[in-house]
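S.K.: For reference, the chains in residue letters:
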Amino acid sequence: MRVLEPWLAAPLTGLLRESSARLALVMTASGQVIAQHGFTRSLDVMAVAALGAGIVATTAELARLVGSSTDFGAVVHHGDRQGIWLAPFDTPRGRWIGIVVFGRDSSVGLVRMFFDRFAAEVRDAAPSLTPPRELLAEGFERELDDSLRALFGEASR
Amino acid sequence: MSGSAARPLVLTVVVCGASRSGKSMLLRGIHERLGAGRDNVGPPLDLNAMLDWVSLDLGNIGGRAATVLLYAVPGVMTFDATRRVLVHGADGVIFIADSQAARIDDNLAAHGALAEHLAARDGDPIPVAYFYSKQDLPAELLVAPTVLDEVLGVGNAPRAVGDAVRGEGVREVLQAALTVILRRASGNDADDA
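These protein sequences, in sequence, are chains A and B. Under my numbering, the first residue of the first sequence is numbered 1, with each subsequent residue one higher. Under my numbering, the first residue of the second sequence is numbered 1, with each subsequent residue one higher.
Certain hints may be false.
Stated by the list, open to error - Far from chain B by the CB rule (all over 12 Å, computed), these chain A residues:
(1) Ala9
(2) Arg17
(3) Ser20
(4) His37
(5) Thr70
To be verified - What follows is a list of derived Cβ distance ranges for each label pair:
(6) Glu154(A) - Asp136(B): 13 to 21 Å
(7) Glu5(A) - Asp136(B): 43 to 51 Å
(8) Gly155(B) - Val108(A): 51 to 59 Å
I should point out that these hints are in silico values taken from the structure, not numbers from a laboratory. Note that CB positions come from ideal geometry on N, CA and C, so glycine has one too.
Sequences and hints are given; from them, build the entire structure.
M.R.: Written out as structure tokens, the structure reads:
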């Protein structure tokens, strides 16, 4: 498991343990990954995050087009061998999205129940304050210039 | 943005512009120039025009490990919802304007849509940098950068001209955009307010 912020570890561990999920991903509505479990390659994580954010956005827009006053909520795919649960939830940090992949040893109902609990725990545990802006060290522009020139194979000035 | 003194600084930059203005080409050009397979450059996604993505590990910037996630948002209106979400979650925007005279109306429409999205965004305004693409085309097809400045109302916003296919101006627009985005995201722009 990898978490960007340590306080997320406990709720996510609970979700994984109780729902028997194989993979889990937590991200912002824009697709920025906050926590993940089970993915072995960064490309997989980013691809799933991008696709998940797109699905949630598209589903919300579809709900709006058909006149729904609220989002459709969760999107579920239940295949023969595994299922996918994809749902947005609100936190003090804004709207986040959870993706849970589960196998035959779990079920949609189980995932739903523990996902709802997970979302509630995240809401309770999330620091509500906006992180204070922290000044970058003086001269960061020069470091940015050096870094980009190095990445692009150009000589530093 | 996320980060603290010990945490990484992760910036999301959305690349917007009219359809076929060079957004995906810019990202693919960055990826090719930086070299596929390098550890600090994530491979781009080709999701059948859903969106393209490149990550850049900038290393230590101002005492923090900085990573930039660049997303190219499709210009077609079908993906308006995706675009809206990405813009709302972005730390900054690079707007690609097609330098061809025949595309001025398309640029204006895309710029107007971006302005609407940014106006609907909660919180402080986010920086927008401009890249005037396709400067490799014959001069008779192009409008002068100063004309695009005026048409788009660029003002003092950072901008660069170039050619995404050959990579000209790409580093410059990235640097201009990231400088203002980093200033805002880290609070170093407080003195400018």
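S.K.: Is the Cβ of Ala9(A) farther than 12 Å from every Cβ of chain B?
M.R.: Label holds. Min Cβ-Cβ 15 Å, cutoff 12 Å.
S.K.: Using the beta carbons of Gly155(B) and Val108(A), state whether their distance is inside 51 to 59 Å or not.
M.R.: Holds - the Cβ-Cβ distance for Gly155(B) and Val108(A), about 52 Å, lies within 51 to 59 Å.
S.K.: In this structure, is the beta-carbon distance linking Glu5(A) and Asp136(B) contained in 43 to 51 Å?
M.R.: 45 Å, holds
S.K.: Please confirm whether Arg17(A) is truly not at the interface, meaning its C-beta sits more than 12 Å away from all C-beta atoms of chain B.
M.R.: 26 Å, holds
S.K.: Between Glu154(A) and Asp136(B), is the Cβ distance one that fits in 13 to 21 Å?
M.R.: 19 Å, holds
S.K.: Is the Cβ of Ser20(A) farther than 12 Å from every Cβ of chain B?
M.R.: 30 Å, holds
S.K.: Confirm or reject: Thr70(A) is not an interface residue toward chain B, with every Cβ-Cβ distance exceeding 12 Å.
M.R.: 16 Å, holds
S.K.: Determine whether the non-interface label on His37(A) survives the test: each CB of chain B must be over 12 Å from its CB.
M.R.: Holds, because the least Cβ-Cβ distance between His37(A) and chain B comes to about 19 Å, which exceeds 12 Å.
Checked against the numbered hints listed earlier, the structure breaks none of them; every hint is satisfied.
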